[in-house]
Amino acid sequence: MSWAPAFLSNPERFMAFSRWAAPMFGVIAVVLAVIGLWLGFTAPDDYQQGQTVRIMYIHVPAAWLSMFVYVCLAVASFLSLIFRHVLADCAAQAAAPLGAAFTFLALVTGALWGRPMWGAYWVWDARLTSVLVLFLLYLAYIALRASLDDEAKAARAAAILALVGAINLPIVKFSVDWWNTLHQGASVFRGDGPTLAPVFLWPLLIMGLAYMSAFGSLWLVRIRGEVWRRRAEAAAVRAARG
Amino acid sequence: MSRLRALLSREVALAWGRGGGPLVAVGFYAGVATFLPLAIGPEPERLAAIAPGAAWVALALASLLSLERLFERDYEDGALDLLLLSPTPLELTCFVKCLGQWLATGAPLALAAPIAAIGLGADPSMAPLVFACALLGGIAFAFVGGIGAALSLGARRGGLLTAVIVLPLFVPPVIFGGGALDAFASGLTWTSGFALLGAYAAAAVAFGPIAMAAACRNALS
Chain C
1 MSWAPAFLSN PERFMAFSRW AAPMFGVIAV VLAVIGLWLG FTAPDDYQQG QTVRIMYIHV
61 PAAWLSMFVY VCLAVASFLS LIFRHVLADC AAQAAAPLGA AFTFLALVTG ALWGRPMWGA
121 YWVWDARLTS VLVLFLLYLA YIALRASLDD EAKAARAAAI LALVGAINLP IVKFSVDWWN
181 TLHQGASVFR GDGPTLAPVF LWPLLIMGLA YMSAFGSLWL VRIRGEVWRR RAEAAAVRAA
241 RG
Chain E
1 MSRLRALLSR EVALAWGRGG GPLVAVGFYA GVATFLPLAI GPEPERLAAI APGAAWVALA
61 LASLLSLERL FERDYEDGAL DLLLLSPTPL ELTCFVKCLG QWLATGAPLA LAAPIAAIGL
121 GADPSMAPLV FACALLGGIA FAFVGGIGAA LSLGARRGGL LTAVIVLPLF VPPVIFGGGA
181 LDAFASGLTW TSGFALLGAY AAAAVAFGPI AMAAACRNAL S
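Protein chains in written order, with our numbering: chain C, 1 to 242; chain E, 1 to 221.
No lab work stands behind these hints, which were simulated from the structure alone.
Mixed in with the good hints there might be a few duds.
[What the hints assert, rightly or not] Okay, the calculated beta carbon distance ranges per label pair: (1) E/107 / C/86: 44 to 54 angstroms; (2) E/8 / C/239: 47 to 57 angstroms; (3) E/157 / C/177: 26 to 36 angstroms; (4) E/61 / C/124: 17 to 27 angstroms; (5) C/199 / E/46: 42 to 52 angstroms; (6) E/187 / C/124: 19 to 29 angstroms; (7) E/42 / C/124: 22 to 32 angstroms; (8) E/45 / C/108: 34 to 44 angstroms; (9) E/42 / C/177: 32 to 42 angstroms.
Everything numeric in this text was worked out from a predicted model, so none of it was measured.
Just so it is clear, CB atoms sit at the ideal spot from N, CA and C, and this is done for glycine as well.
Given only the sequences and the hints, what does the whole structure look like? Please build it.
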């Protein structure tokens, strides 16, 4: 993948590539989601969780993506900060709301799953807490971008925050794990969970790929929109100068 | 060296003198600590159970309060431009500013923390650890908080934005300090939490100024 940023760093090439790649990823996402959901809903009930196990096909890929998108955001921010590349900044800007949406989806479906399984919508478990902190970090990134008027300054400030967050997130993960083991005792969790049988695993992996393609498609569409918006603004400035 | 000393005394004098920096922070801290029993109920056993943690959370919130003034005032009156032009690296300047912030508000808050904890019903034997945690945590709060303060320079609603940026970054020190206090209260070994808090503070001192300086340069560009 290391060729990708170099190849796509040319805006013209990026626009030509994303013109067909964005819809292609979208189609792949829809096809995979249909297959994954069909397999998931025809899979037998879990002997312990019954029907509720099907929430997994929505929830787990969303949780994967919540972290994957932050990695994309951090890499794009790094590239934009070091090379001052406009396209990398567009990519970071476009990724943040998508990441927040995936994180929110993971939190909500997790709560809906937790209610029948653990008897509570929310448990202060280590994983839940670190995903919640990740969500807050996305919100902070979006809020910082939104409240700085100067676009170039907002881009660099947001990129610094994304990198500070990327350094902080593993520490948050560690601290929350440490905290949870400290409060050991009332844990309702079964150690490492069930090792998934293939009949559950396959739809889950397909759904993971579907989410990935959906993110790829939406990301490209959003970057394209951002590029067009900036071009339009530049054109407006040129027109105003006469 | 004399430049740094002059800068430090300037920072402390500004934070201490104008606008009653430590007084505002300690007053806010006392206010939050007073609200807790009012909201939770005055039963001593219930309060005693949450006293160390509550005092610790209130401390994190109170250290947020004074962050806004760390860079904003210098940014507005142009002093930050002069600091950027001086031969002292901006990273070092940011380090000194945070140190001044810690001396002017972190240390008074650390003195107030054991009083608040005992007032809420914590055992008096906890006082030294509460003080030490507050002192060490104050370093982490000042140096991580400074990043948020520098990033929100020039923003609309800067103060609130700083809080939104900084709160997710405050999670590890809050957990480590709270864990140490909780372990001490229940008679377990508290040293691991305290050591982790110290490690976080040290990392914040080492890396925070780099991010702060980058953010300041960006705001001034």
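So, going through the hints one by one against the coordinates:
{"no.": "1", "hint": "E/107 / C/86: 44 to 54 angstroms", "result": "holds (45 angstroms)"}
{"no.": "2", "hint": "E/8 / C/239: 47 to 57 angstroms", "result": "holds (52 angstroms)"}
{"no.": "3", "hint": "E/157 / C/177: 26 to 36 angstroms", "result": "holds (34 angstroms)"}
{"no.": "4", "hint": "E/61 / C/124: 17 to 27 angstroms", "result": "holds (19 angstroms)"}
{"no.": "5", "hint": "C/199 / E/46: 42 to 52 angstroms", "result": "holds (49 angstroms)"}
{"no.": "6", "hint": "E/187 / C/124: 19 to 29 angstroms", "result": "holds (23 angstroms)"}
{"no.": "7", "hint": "E/42 / C/124: 22 to 32 angstroms", "result": "holds (26 angstroms)"}
{"no.": "8", "hint": "E/45 / C/108: 34 to 44 angstroms", "result": "holds (36 angstroms)"}
{"no.": "9", "hint": "E/42 / C/177: 32 to 42 angstroms", "result": "holds (36 angstroms)"}
Checked against the numbered hints given earlier, the structure satisfies every one of them.
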